[in-house]
Amino acid sequence: MALNYILFAFFAVMAIGSSILMVTRRNIIHSAVFLIGALLATAGIFLQLQAEFLFVVQIILYVGGIMVLFVFVIMLVNLDVSMRLVQFNRQKWVAGVLALVLGAQVLFALWVGRGELRLPAPAVDVSPRNTEAIGQALFQHYMLPFEIASILLLVAMIGAVVMAKRRV
Amino acid sequence: MGHLIPPSILPYVLPVIYGVVIVAVLPLMAGYIVLLERKVMADMQARLGPMRVGPHGLLQPIADAVKLLLKEDIIPEKADKLMFWIAPLVSVTMALVAYSAMPFGPAFQIADLNVGLLFILAVSSLGIYGIVLGGWASNSHYSLLGALRSAAQLVSYETAAGLGLVSALLLAGSLSLKEIVQAQYDQGEWFVFSVPIGFFIYLVGSIAETNRAPFDLPEAESELVAGYMTEYSGFRWSLYFLAEYANMIIVAGIATTLFLGGWLRPFPHFSDHLPGTSVEIMDGLPAMVFLGVALYCFWLAPKQPVKIQKIVMATVGGLCIALAGTMVAALFGPEGVRLGVYGGFWFMVKVMGYLYAFLWVRFTFPRYRFDQLMRLGWRFLIPLALVNLIAVATAKVASQEWGWYPRITMILATIFTLGVALWLASRDAKQEPAVEAAGGD
Amino acid sequence: MNVQLPFFLDRIWLIPMFPLITAAAMFFFGRRLKNNVVSMLCAGSVFLSFVFAVGAFFQLLGLPVGERVASKILFDWIPAIPYHTLGGRLANFVAPWGFQLDPLSSVMILIVTGVGFLIHVYATGYMAHEGGYYRFFGYLNLFMFSMLMLVLANNLLVLFVGWEGVGTCSYLLIGFYFHKKSASDAGKKAFIVNRIGDAGFLLGIFMTSALLGTVTFNDIGPALAAGHFAWGDPRITAIALLFFVGATGKSAQIPLYIWLPDAMEGPTPVSALIHAATMVTAGVYMVTRTSAIYQLAPTAMAVVATIGAATALFAASMGVVQNDIKKVLAYSTVSQLGYMFLACGVGAFTAGIFHLMTHAFFKGLLFLAAGSVIHAMSGEQDMQKMGALSKKIPVTYWTMLIATLAIAGIFSFAGFMSKDLILGKAYEHDALLWAIGYFTAGMTAFYMFRLIFLTFHGQSRVDHEVEHHIHESPKSMLIPLVILAALSIIGGWVSWPEILGGNSRFVHFLEPVIAMPHEARVETATGASSRLGEIQLMILSEGLVVLGIAFAWYLYIKRTDLPKKIATSLGGFYRTVYNKYYVDQIYDAMFVNRAKDLGLALGAFDRNVIDGAGVNGAGWLTRAVARLSMWWDTWIVDGSVRLGARIVWLFSYPVRMIQDGLVQSYMLLVVIGLIGFLAYYWHIVHQAVR
Amino acid sequence: MGAPTTMIAPDYYLLLSLALFTIGVIGVLTRRNVIIVLMSIELILNAVNINLMAFSRMWGSVDGQVFAIFVITDAAAEAAVGLGIILAFFRNRETVLADEMDMLKW
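Residue numbers (this note's numbering), protein chains in the order written: chain L, 157 to 324; chain W, 8 to 448; chain P, 34 to 723; chain Y, 1169 to 1274.
What the hints contain is simulated information worked out from the structure, not anything from laboratory work. All of these numbers come straight from a predicted model, not from anything done at the bench. Note that CB positions come from ideal geometry on N, CA and C, so glycine has one too. Hints are supplied without guarantee of correctness; some may be wrong.
What the hints assert, rightly or not - Some residues of chain P that are not near chain Y, with every Cβ distance over 12 Å (derived):
1) Trp264
2) Asp266
3) Leu274
4) Val428
5) Phe486
6) Leu511
7) Asp621
Unchecked claim - Listed next, with one range per pair, are the computed distances between beta-carbon atoms:
8) Asp693/P to Val368/W: 54 to 62 Å
9) Trp668/P to Asp1270/Y: 31 to 39 Å
10) Asp693/P to Leu300/L: 38 to 46 Å
11) Leu241/L to Tyr19/W: 31 to 39 Å
12) Pro341/W to Leu159/L: 28 to 36 Å
13) Ile705/P to Leu232/L: 33 to 41 Å
14) Val73/W to Pro301/L: 56 to 64 Å
15) Val73/W to Ala260/L: 55 to 63 Å
16) Leu159/L to Asp1270/Y: 45 to 53 Å
17) Leu159/L to Asn1260/Y: 47 to 55 Å
18) Ile314/L to Val27/W: 47 to 55 Å
Let's have the full structure, built from the sequences with the hints guiding it.
So, in structure tokens, the structure goes:
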């Protein structure tokens, strides 16, 4: 019913708008905040797609973790220098146009395949235990990728420590 | 009353009501927690504390609130207006949103997400943005430093506290708060008794997360005037204040739900019915307590110096009488109402106990240095939490797969973890770094 | 011979070792040692050698006359090398590091160690106030070692080692005051002149080994016998002459005597030890040692005798006119050496060695006494500035007088015995040689007493500042004087001639070393019969000596004005003699300057022809070629390379424009590629659809 | 949450993710500030996640969500390392501008 569309529209508009603002702001902090907004909107989209676990993970990891890191770094590096500079580089026009062309191509793809994708009729409870299902898939079917991802995180952590360490 | 409202919006009615109630009650609660704090502090320091406003300062919170609302709202010249304006809102909003999954009672809950616990953690972890942005926006070094400190502190201690929670989650086997409480009911004991070390870790972590003493470095008066709140005043400041106390209540609620059996009354399985009725005798206890308080108030009322105070004290007594009445009435009312009322009562009692522990710690321990704080978090709590987690998991496997007696396994796991804790503590005591590390990163 | 020898004989090799050890000690830590420690060590080591020498000597006497030879071989220095001698025999060249003690070398080591010890003691007093004390004694001990090696060697090569060693030490000690130019020049002169002699000696050694197939003394006689060499075989004569060249170098005979007078630049003890007592006699010793060869070379013998006699007369004539006290002694040394060679030349090797011994006594004494005089005169050496010192330094005076009597050959003094033995042998051999020797004896008496009178008698001509602190020398200097004086008196008695009722024991003691070929013996036997007897000869010489002494007294005590008159009356001749017959100048003109010219010529050749035409020309050529190839490299090779690089650079220009190192432009390229890919993909799909 | 009775066609989600993706690409290509470039990359990853979500919902399986988890993991790792690099670079060169980071040219 309508509420669903309303929610989707709200989240979508919020996501697109704040991401546009994110890209265009001069002040990096504002950009970060708008990115947070976009991420929260995406989380809302997830929730609407009945992926509660991903919704929470999105908030905890992205918003509560990664973006905190970003804000940290932004506050560590000197802002007002970069704020007074030109914000866009030489190739902005051609780049923008090319990006739009790319988008247009994909849009064309969507247009060609319009209406062929359908969501199944909602079961009375679509995976009520979303978390358990993900856990099962993650720890049984995707065990190896999971471990590899953990190793990836370890490596990233070490790399970050080495990088950010002073006198290195 | 089902026919009064169209069925289409029926599922959304009750949550809205609950939400309004919470938003209305919370500031009041926060104010009175402050009063409680000051009273406890005075008691521990052999003083009286606020006595002027209202009998025994009972009206002090209201006076403070009025003063804060009437104060001039100052925005620094060089501040980033937008952020300066948004930050407190973010804090308080996130704090309030977190309540939407908090089960005050079996029925008294806005939304029972099946990831409720994670949801609360996530949302409350967003409160950090309020602090960081506010500190950055006020364009003052004290504020920025305080903000960065509190951000670092939160990020570090969230991990430890979360790991402490997971040990309880293992026993519960669900992320839905309602089911967690239910699991404690089924297993017949609060998880604080099963995983005491997890509870301890969460206690410390929650104190640090809410920037309370002895971990209140972000607003350490002696170092940076008031941390991220230095440039704030009046209403915005009170918003931060509200957010802080709301967060305290949230962490207390989480601890209550996971470790203290949520809305369950003590000895939930003990049942002794009033003869001829289905009334549990133990349910009479709250009514008795309220009644006693009411009688005390009435006994005090004539002794009050001023007339208005007499009246106020009497009012309080009447309030308590009314509460006792409701409780008794609830005993004979429909099942749902009874559960809700009593659940809410016990829940709040436990929350208050937890907060009392907060205050107690605050007035007992001196403030930490920043490097000490970080070391405690990263080198003691997190490893201990991990070990605890493994031990508990092993114990659970032992009791489930190999059929060992659950309590024995839990006790063994606890003892093992205690040993590890002692070893960690001795190791840290051995290598106490120099003071020059103060100020940390 | 591996029969068990008695103690000292078995350890003769130790005798040179003691001085060597102390010398090494001096060179390594001498700088840190106190003077008295140094003198104790050095004199002590020499004394130890002396003790061993005496012991060895008496144990040698203990052996029967036939086999009085003890040889000790430490190890093979040069292992055996088989080769063919000129005689065509297959020989085995081996140079063992061997020592040999027989009557001859025993006498030598006694002289060397005894006199050497006394002179060490003397030097401790004489050098007390000189710098480089330890250096001096180090050199001195090194000299002792070399000299003992020389006299103890059992083959020519080891002897040559000692020979060179003593030459080096003499060089070092003459130039001891190296800061004085004259001293260092004198040292160099001595060294270079010795080189000439040594070259001859070395050639002699080569010829010996080539001809006889051995260099060991004991094997030379048998080798000669086995070779059936005729009497006067020219090859043998050549060897003998070459050896004699070496001897003239070392023993300061004509024509190589010129270094010895200059050698007086060295400290007086050095003059006494090296340039009077021991080293300069090495030539005589060597000739005696190889007497077996000389016996077969009458020509060489004649040359030796002639040279010896000529040197004796010549040097004596120069000694007459010298005013430097040490120079006088130096020339007298030369002439006495001439006597010794005269003796060797006439086949009286034993007489030569005998005179060597006595000469070591009194000439050493003379030098030491002169040193004492110089010491008293605080460095003054000119006799014109002396006189009437006999009262002031009596001990020196008396000892020096005894030595003078000895050298003059007054009866019963050591000099008398040896000199008259030589004169007698010479007379037996050839009257002319005897006449020369006889006349020289008179001159010797004359100039020696001239020295005595000028120095000790008459009225004093001493400068006043020197006058008042003339003093007798310390005990350490006087005691050796006294001992040597005693030796100068009695030293000759070991060989009291038969005619005077004695038995010339010393001569007989040396006899077995000197192998007398029968021809020579026959010849001398015939020669001895017809002329005057020994007694008459002795009386004649005594008379001449007394005459010379009286003449000296008349000229330098009675009529002190006469010498000037004589000098002026025969001016040219006098000046010639006074300037040593201009020999040095002649040598300079004949050899030294020629050598210099040759060197200059060679240098010029080297500079102009070799460097100029050869090296520089080659360099110029190379440079030219290099410049050419450089041009080629720069323009052709590098040019082509650069051309290629240039081309690549040109064509790479657009690509390089893309590679600006900016992440975002790379990203842009990625996007472009994506667009292209999608476009192509859609093209495919379109065709598939259609 | 009450289960919605009618579903939205996946096209909408795809459009949304396309929009976010394009915006992210523009940001990556045009902004000079490296931090914003990184944030734009995060945005792109989000667009991808939306796609994954939509399809996993469409097929009714959680695989898409699992992949989304991996994507988020990658995003975390990338953010950590990238920000570390930026910090180090800022410490050395006092700049956060992408077009001044051309030390590896040619």
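Cross-check of the supplied hints:
In this structure Trp264/P is separated from chain Y by more than 12 Å, as the shortest Cβ-Cβ distance comes to about 101 Å. No beta-carbon of chain Y comes within 12 Å of the beta-carbon of Asp266/P; the shortest separation is about 95 Å. Residue placement check: Leu274/P keeps its beta carbon more than 12 Å from all beta carbons of chain Y (closest about 89 Å). Non-interface call for Val428/P relative to chain Y: holds, since the shortest CB-CB distance, roughly 96 Å, exceeds 12 Å.
Separation of Phe486/P from chain Y is adequate, the least Cβ-Cβ distance of about 103 Å exceeding the 12 Å criterion. Even its closest Cβ contact with chain Y, about 92 Å, leaves Leu511/P beyond 12 Å, as expected for a residue assigned away from the interface. No Cβ of chain Y approaches the Cβ of Asp621/P within 12 Å, the least distance being about 80 Å, so the stated non-interface status holds. For the pair Asp693/P and Val368/W, the beta carbons lie near 59 Å from each other, so the given range of 54 to 62 Å is met.
Taking the beta carbon of each, Trp668/P and Asp1270/Y are about 37 Å apart, inside 31 to 39 Å as hinted. Remark: the range hint 38 to 46 Å for Asp693/P to Leu300/L is upheld by a beta-carbon distance near 40 Å. The hint said 31 to 39 Å for the Cβ distance between Leu241/L and Tyr19/W, and at roughly 50 Å that hint is violated. The beta-carbon spacing between Pro341/W and Leu159/L, approximately 31 Å, falls within the hinted interval of 28 to 36 Å.
The beta-carbon spacing between Ile705/P and Leu232/L, approximately 35 Å, falls within the hinted interval of 33 to 41 Å. Separated by about 59 Å at the C-beta atoms, Val73/W and Pro301/L satisfy the suggested range of 56 to 64 Å. A hinted range of 55 to 63 Å for the beta carbons of Val73/W and Ala260/L is consistent with their spacing of about 60 Å. For Leu159/L paired with Asp1270/Y, a C-beta distance near 52 Å keeps the hint of 45 to 53 Å intact.
The hinted window of 47 to 55 Å between Leu159/L and Asn1260/Y holds, with their beta carbons roughly 54 Å apart. A hinted range of 47 to 55 Å holds for the C-beta pair Ile314/L and Val27/W, which are about 50 Å apart.
Hint 11 from the earlier list is the only one contradicted by this structure; the remaining hints agree with it.
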